[in-house]
Amino acid sequence: MESESQKNIVEKILRIRLSQMLINEDYKKNKFKIPIHLAFGHEAIATAVSQIMNKNDKLVLSHRNIAYNLARIGKLKPILDAYYLKPGGLVNGKTGSMNLTNVEKGIIYSSSILGNNFSVSTGIAMGEKIRSQEGITIVLGGDGAIEEGSFHESLLMLKSLELSAIVIIENNEWSMATKISERRHSINLEKFAEVYDIKYVKMSGNNPIQYIEKLNSLKQFSLKEKTPVLIEVMVTTIGEWILTTPEFPDGKLINYHAGPAPTVDLEKNTAKIIDDVSDPIFVLEKQVGSKKIEEITKTVLKELNSEIK
Amino acid sequence: MKYIEYVNEQIKNTVKDPENLVLFGQNISTGSCLAGLTKGLSVNPTSKIINSTNSENSLCGFGFGLMLNGVSSVFFMKQLDFLLLGIDHLVNTYNNIRSTITNPKSSFTIMPIIVDGGYQGPQSSLNNFADFCSIARIPGYTISTKAEAKKLISTKLISPGFRIIGVSARLFKEEIINVPIIYENTDSSLIQYSNGVNVTIVCFNLSFPIGWNILQNLKKDNIKSSIFNITALTPINWKEILENVRETKKIIIIDDSKSQNLACENLINFLHDNCDIQKKIILKRKIQNNWLHPVSDEMVIDYQKIKDGLQIA
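Chains as they are written, first to last, in this note's numbering: chain F, 1 to 309; chain L, 1 to 313.
Hints are computed from structural coordinates only; laboratory data are not their basis. Check the hints yourself; a few may be wrong.
[Said to hold, decoys possible] Under the rule of at most 30 Å between Cα atoms (straight-line distance), these lysine-lysine pairs were calculated in the BS3-like manner:
| hint | chain 1 | residue 1 | chain 2 | residue 2 |
| --- | --- | --- | --- | --- |
| 1 | L | K305 | F | K129 |
| 2 | L | K105 | L | K173 |
| 3 | F | K224 | L | K48 |
[Claimed, not checked] Listed next, the stretches of chain L that the computed footprint assigns to chain F, with coverage defined by at least 3 CB atoms under 8 Å from CB atoms of chain F:
| hint | stretch |
| --- | --- |
| 4 | 26 to 34 |
| 5 | 62 to 75 |
Ideal Cβ placement from N, Cα and C applies to all residues, glycine included.
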């Protein structure tokens with residue numbers, strides 16, 4: 001990838017991260033009336049999905065849609081205003097966070113109900129086929145949503161109706177406050193996809209350039225073969241903290257699900273939160289160097305502060 | 001003409017020409033075609049008939065997805081009971097869509113068969129159409145007469161927005177009641193078929209044939225009845241019925257739903273608050289101990305008792 005394009009991707013990812021950090025600062029001060037599900041750690045896949053989208057493509061999201069909404073619009077203020085329920089915000093401030101959409105940017109449905117959006121995306125994909133549109137439908141869900149019957153039903157329908165769609169499962173290994181291993185038997189998505197003769201790809205490592213290349217290739221495959229593809233992308237939803245109580249004097253791990261992330265601090269941290277590949281900013285540092293990241297961070301943060309002033 | 005033949009004819013006429021229309025549901029183009037409901041459907045070459053998977057929840061979401069992408073569709077459903085699996089979409093998806101799209105360009109209609117013929121046993125006999133509409137204030141319409149079949153299917157089946165249109169399995173093989181409409185409100189949710197000065201009859205859910213029989217029997221005794229059918233359940237403006245009851249001062253209300261909460265209670269409360277009623281007869285199901293077993297779902301009506309109860313000389 002050309003360095004200018006790479007710089008562009010780095011800037012986009014940092015913009016999503018820093019936008020979330022600014023929202024988190026307001027959230028910690030209890031400024032929002034609505035619940036917000038932050039997505040620290042989801043920035044690389046969100047940026048990659050946004051990068052492969054063309055004018056006719058449709059994106060269908062879940063309650064944790066913030067990174068994708070930020071990626072598609074490239075601004076903070078319309079989303080922040082939507083969270084403050086201001087008429088000037090996205091969708092005139094009428095949806096709150098979990099159902100936030102942006103039709104102009106291809107986000108035509110977001111659902112707060114686990115698994116609800118899979119079948120809606122199936123109808124959207126059918127609409128593309130009926131109207132002979134060239135677009136692909138991309139739907140996001142989590143590892144909790146794949147426990148819902150609608151996941152199975154929708155894959156079956158997508159395959160049976162020969163629809164082009166990319167089904168992306170963000171696997172963060174948690175459903176609310178419960179780890180997968182605490183809740184259920186593991187689900188082998190590769191075998192699950194094989195049952196329906198659906199192509200399965202697993203992605204991890206938060207390398208945005210690799211993600212874009214892979215997604216582009218799968219998009220072309222899906223459009224050409226008129227078949228859904230299933231992608232499992234490993235993510236870490238960053239923002240956990242240790243809670244000390246009389247019952248747990250040594251502290252108990254509280255994974256991040258929703259609400260403010262108390263350990264993420266814009267004053268103390270740089271954009272990077274964790275020193276390993278679970279943090280997309282760490283991956284960017286390895287690619288372009290920490291000095292470059294610091295430089296872009298300063299510029300983007302200045303722009304964002306100016307935008308929301 | 002039989003009820004199902006006429007309903008099927010109206011559906012065929014309505015779906016044959018529109019472009020980019022999707023008709024879907026289980027067995028809608030094979031076998032009995034849902035006992036004749038979807039028999040012989042043909043569509044424009046740009047449209048599609050999908051003999052779908054057995055995935056009621058996802059099929060509801062599918063219809064809303066089509067609607068979001070500008071494509072109109074009809075989901076034909078073998079039993080109202082199956083729609084229980086799609087309630088998430090009826091409430092959450094529908095609320096989500098209508099909260100942001102005030103003027104939809106495309107249509108999504110679910111057309112379930114309400115299995116009210118009896119002898120189904122503990123499952124497959126849900127007849128409470130009003131409940132589905134009430135939970136999310138969904139426009140809903142039941143078809144009881146020839147005039148309603150023509151009007152509701154031609155104007156509602158493929159009309160921008162979402163609604164449910166229910167048909168009665170009990171009536172499928174009956175001759176369709178052919179009586180002209182003398183009044184209907186703007187959305188055809190309240191329809192009047194007769195204007196009489198002695199008593200007002202109001203029918204809910206799929207009880208119109210019962211009400212029509214009562215009217216015919218009372219007529220033999222020279223008792224003149226007004227009769228209204230409530231085809232849609234939420235919301236309803238009761239003004240026309242109120243004015244009629246103020247004149248007759250007597251009312252017979254019939255609701256054949258098996259729910260504990262009945263749609264007719266909304267009217268009863270309204271009338272009590274707004275007019276003087278001299279006689280009120282409410283005909284609703286008496287739930288027996290065997291109601292979960294295969295028994296007849298027919299409501300038994302004692303016409304003489306009704307006539308005596310009205311105390312019309």
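For each hint, the structure was consulted:
Annotation: proposed proximity of K305(L) to K129(F) is violated, straight-line Cα distance about 60 Å (limit 30 Å). For the suggested pair K105(L) and K173(L), the alpha carbons sit about 36 Å apart, so the restraint of at most 30 Å is broken. The hinted pair formed by K224(F) and K48(L) meets the criterion: a straight-line CA distance of about 21 Å does not exceed 30 Å. Three residues within the 8 Å Cβ limit are the bar, and the stretch 26 to 34 of chain L against chain F gives 0, so the coverage statement is violated.
Beta-carbon proximity to chain F at under 8 Å applies to 11 residues in the stretch 62 to 75 of chain L; the threshold of 3 is reached and the given coverage holds.
Figure legend: structure checked against the earlier numbered hints; hints not met, in rising order: 1, 2, 4.
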